[in-house]
Amino acid sequence: MRQSRVLRFAAVATAGLLGLTACGGGGDKEDSGPVSLRMTVWSSAAPHLALFKSIADEYKKTHKNVTDITFDPIPFDSYTTTLTTQIAGGKAPDLAWILEGSAPDFVSSGALVPLDDTIAKTSGYDAADITPAATKLWKDGGKLYAYPFSTSPFGVFVNTDLLKKAGQPAPADLIKSGKWTWDQAFAEGSQVNAKTGKAGIVIRDFDYKLWENLSTIWTGWGAQAWSADGKTCGFDKPEMVDAMTRLNKAIFTEKALPGPGTGADFFAGESAMTVAQISRAALLKDAKFGWDLVPLPAGPKGSYSVIGQAGLGVFKQSKHSAAAADFLAYFTNPENSAKLAQFFPPARKSQLNVDTLAKSNPLLKPAQLQSVVIDGIPQGVVKPAHSGSAELSQSVRSALDPLWKPGADVKAVLTSVCSAIAPQLSK
Amino acid sequence: MSHRTESPVGAPAPTGTTPAPPPRRGPGFWTIRRRDQLAGYLFVAPQLAGTIVFVLVPLALVFWYSLHEWNVLSGTFTFTGTDNYRALAEDPKLPGVLRATAFFSIGLVVTNLALALLLAVLLNQKLRGTVLFRTLFFSPVVVSLVAWTIVWGVLLQDNGGINGLLRTAGVHGPNWLRGDVTAMASVIAVQLVKNVGLNMVLFLAALQGVPHDLYEAARLDGAGRWRQFRSVTLPMISPTVLLTSIITVVGSLQVFAQIAVLTQGGPGTSTTVLLYYLYQQAFPFHHFGYGATISVLLFAIVLVLTVVQWQLRRKWVFHEQS
Chain X
1 MRQSRVLRFA AVATAGLLGL TACGGGGDKE DSGPVSLRMT VWSSAAPHLA LFKSIADEYK
61 KTHKNVTDIT FDPIPFDSYT TTLTTQIAGG KAPDLAWILE GSAPDFVSSG ALVPLDDTIA
121 KTSGYDAADI TPAATKLWKD GGKLYAYPFS TSPFGVFVNT DLLKKAGQPA PADLIKSGKW
181 TWDQAFAEGS QVNAKTGKAG IVIRDFDYKL WENLSTIWTG WGAQAWSADG KTCGFDKPEM
241 VDAMTRLNKA IFTEKALPGP GTGADFFAGE SAMTVAQISR AALLKDAKFG WDLVPLPAGP
301 KGSYSVIGQA GLGVFKQSKH SAAAADFLAY FTNPENSAKL AQFFPPARKS QLNVDTLAKS
361 NPLLKPAQLQ SVVIDGIPQG VVKPAHSGSA ELSQSVRSAL DPLWKPGADV KAVLTSVCSA
421 IAPQLSK
Chain G
1001 MSHRTESPVG APAPTGTTPA PPPRRGPGFW TIRRRDQLAG YLFVAPQLAG TIVFVLVPLA
1061 LVFWYSLHEW NVLSGTFTFT GTDNYRALAE DPKLPGVLRA TAFFSIGLVV TNLALALLLA
1121 VLLNQKLRGT VLFRTLFFSP VVVSLVAWTI VWGVLLQDNG GINGLLRTAG VHGPNWLRGD
1181 VTAMASVIAV QLVKNVGLNM VLFLAALQGV PHDLYEAARL DGAGRWRQFR SVTLPMISPT
1241 VLLTSIITVV GSLQVFAQIA VLTQGGPGTS TTVLLYYLYQ QAFPFHHFGY GATISVLLFA
1301 IVLVLTVVQW QLRRKWVFHE QS
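Protein sequence lines, in the order shown, are assigned to chains X and G.
Here my numbering is used: the first residue of the first sequence is 1, the next is one more, and so on.
Here my numbering is used: the first residue of the second sequence is 1001, the next is one more, and so on.
Read the hints as simulated data drawn from the structure, not as lab findings.
This structure is a prediction, so every number in the text was calculated from the model and none was measured.
A hint or two may mislead.
Claimed, not checked - When the alpha-carbon atoms are kept at most 20 Å apart in a straight line, the in silico EDC-like pairs for lysine to aspartate or glutamate are as follows:
| # | chain 1 | residue 1 | chain 2 | residue 2 |
| --- | --- | --- | --- | --- |
| 1 | X | Lys-349 | X | Asp-126 |
| 2 | X | Lys-198 | G | Asp-1158 |
| 3 | G | Lys-1093 | X | Glu-391 |
| 4 | X | Lys-405 | G | Asp-1180 |
| 5 | X | Lys-255 | G | Asp-1158 |
| 6 | X | Lys-427 | X | Asp-229 |
Model the full structure from these sequences, guided by the hints.
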């Protein structure tokens, strides 16, 4: 009896796994009767959701068959995992935001509906206005599988009060004199830490795990995680070794960045600078300190820009995929794209101007928008993405761990990263 | 077991005072035995249905899935025979994962049982304040596991509470969750403090069931305290030791939330235990078929360990010895 209880206990793990996945099922594409749509998103910010709802309400007025459109926020950390679990359980949403890291997986999987035909027949959509650089990641075989509704460059948010307190020059002045470099930024971060005890520079969301965010630094050294075709590892190349050697020194010798296991939130006034996307400006609405937004510092290879993207796609598994694609075209048409621009920089050339962006970004000054967003998007390098992204990301994270200690053998660690991911890159 | 002689339904009751039931035609289908059996089956039916739906069917399905390549995104489900098992045998990460699992399980089982027994023996004394300490040690058992782990995650940060406390004593603490050894030790310690109270209560109950005259007899024979513990206490509570060891071993193989919250399997893969690896493969990496294969391996490991413990009981569990 006791033994059978133990066996049962052991099976709980497997049962739990299956409970989530056992009930599969396909979808009926015919839209008969009232249509109800569900879109998964990773933002639960009230202003974002209110804007989506207002767009959905307008859409429902002209599409009487669509009775309900819900926006379903899933926490960012587990977003893709939760989404794929829903797909496995036959409960895929009709529409979903897709992270740039997992774009190759979703786009090539056949799970998404191509959007070209729906976009072509939507009047006033003006597809030619969308920058080709922005849609590159979301296309496969010439077809667009997700619309890049957010193309957001990384910039550096600066706590000007904290820099002044540490006697450091403002980055805005350094940009004018052409001295805004990573060496300078690290030096300022180091001084802030030494003189105020607060953190210098925080690479937001990195936390010694999400290494993809470090591309905001290494791109300045001309390094890349892997070659453009995704086949050759770039971690053991001299540019990457130089960038990571410099970063290791900045963290552990100069103390310009908080070390592993040390939390510091720029938006709570705990650090002098943070590398983040402009959508984070919303967090500074009630900031009790002076702040600025400046482009990324120049690296040894000059100035550069890194962009993070988010796509919006429609699932084949959806019972109402045609209606969902139609709503997607409405959601991202020129008029709504301009509304979304206040949080998510658009991929439309006509809207990438200071006037449009300033209207919806009251917290940012025209000069900040020009330097970070408008100048950043056309020349921006997209954060690393690859098929099998979750597994690849995990392999790199594990192999990079030995780098995060004082005096690490950078070259050896980076070589081990390449050995760890070689089998996955060659797939 | 001796067999009862069944009297046919409707036979007069043996006592003369009770009025005889109305006579029936023959024994019929519903004999007392059959009615008893039906009642028995009806009583176990809900449990049986639950076991079939939530344990046996999923268990069979896991074996079935492990023979397939299941790509959730593209919706393909292809029979691949034993490919997943071959891949598992050749998986370069598997030895490290099994090593981490073994370290965790051995570390947790040994410390948990030893500490639980020590606490139980201490709290079994007739001293003031034992009730307070008993409550104190047991209270983590009823705290939500994830909440407990998140709080410990904050305390174990480099600039967290534990190192703050150490600093006041002039000690520079390590970055607990970032070192290979300290991360594993931290995960074990967090789980140990969370669950040691449960085993402690089980041991305490067992200790209180040991007859006092055995100790008296041992004392008269000149046994000291250690000898009394070794020759009276341990044998008498050995059934509980068996129970707690099985529960703790199985529980240690099911550790997940602590790893997911505290280390995500890192640094490197030093705390990637089998269940966490299974989760990684099935959910974030989308390899559901391979994940099912790992769960078959986990099932086999739990089964073997449990059977071994069960068989060994004859050697060391007091009441099981012939």
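Hints, one by one, checked against the model:
1. Lys-349(X) - Asp-126(X): 11 Å, holds
2. Lys-198(X) - Asp-1158(G): 15 Å, holds
3. Lys-1093(G) - Glu-391(X): Holds, at about 12 Å.
4. Lys-405(X) - Asp-1180(G): 12 Å, holds
5. Lys-255(X) - Asp-1158(G): 14 Å, holds
6. Lys-427(X) - Asp-229(X): 12 Å, holds
In this structure, none of the earlier numbered hints is contradicted; all agree with it.
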